[in-house]
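Asker: Sequence:
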Amino acid sequence: MKKWLFNPFIYIAGAKALIIGWAFMLVAAVIGYFSMTHFDGVIDVHIGHISPMWTYITETAIDWALPAIIFYIAGLIFSNSSIRAVDVAGTLALARWVMVFPALIGFGVHMPPAAPATIDEVMKILTPSVIVFGLLTMLFSIWMIALMYNAYTTSCNLKGSKAILSFIGGLLVAEVLSKLIIGLIF
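The sequence shown begins at 1 in this note's numbering and counts up one residue at a time.
Hint data in this document are derived by calculation from the structure and do not stem from the laboratory.
On a predicted model such as this, the values are computed, not experimentally measured, just so you know.
Honestly, I wouldn't trust all of these hints.
[What the hints assert, rightly or not] Okay, derived cross-link-like pairs now, BS3-like style, lysine-lysine, Cα gap no bigger than 25 angstroms in a straight line: (1) 159 <-> 3; (2) 16 <-> 2; (3) 2 <-> 179; (4) 159 <-> 179; (5) 179 <-> 3.
Make a model of the complete structure from these sequences and hints.
Answerer: Below, the structure written as structure tokens:
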């Protein structure tokens, strides 16, 4: 059971993982639309304002595509094995399946329509549901990062410090680029 929760990529990869991953990403984006849960960075989840449906789908697509490209390039550089782009893209798509849970949890959080401007306004919205959402979202984000690491190392046949350092570097680059691109688009 532990393998299925943290490294299903030894059982499923390639086009099958890509299709299943895309389906989960679309479900998370649609649920996010209704719960106003934004995935506005590779590892970011925020409750916020309502936006058009295409915003949620675009955010999710960017959050998947950037790491897929970056980790594929990193795999080509750091791995001695033959790497297939579809395996990297598919396993990284499947790693995002857990984001369905924060999207669902978003239904239980009420946020004001405007961003807080003062400390008093921030304290007013810091309700137990916001705190619980933040903690649970952090757990699901950590789980997703573990899945992404296993997706990367399995797809690119990497181990040890080469795997760890290239993953951390790639994830940081992907996160920064996703924030920049999403910020420019929206």
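Asker: Next step is simple, just say for each hint if it's right about the structure.
Answerer: Hint check results:
no. : hint        : verdict
1   : 159 <-> 3   : 17 angstroms, holds
2   : 16 <-> 2    : 21 angstroms, holds
3   : 2 <-> 179   : 32 angstroms, violated
4   : 159 <-> 179 : 29 angstroms, violated
5   : 179 <-> 3   : 31 angstroms, violated
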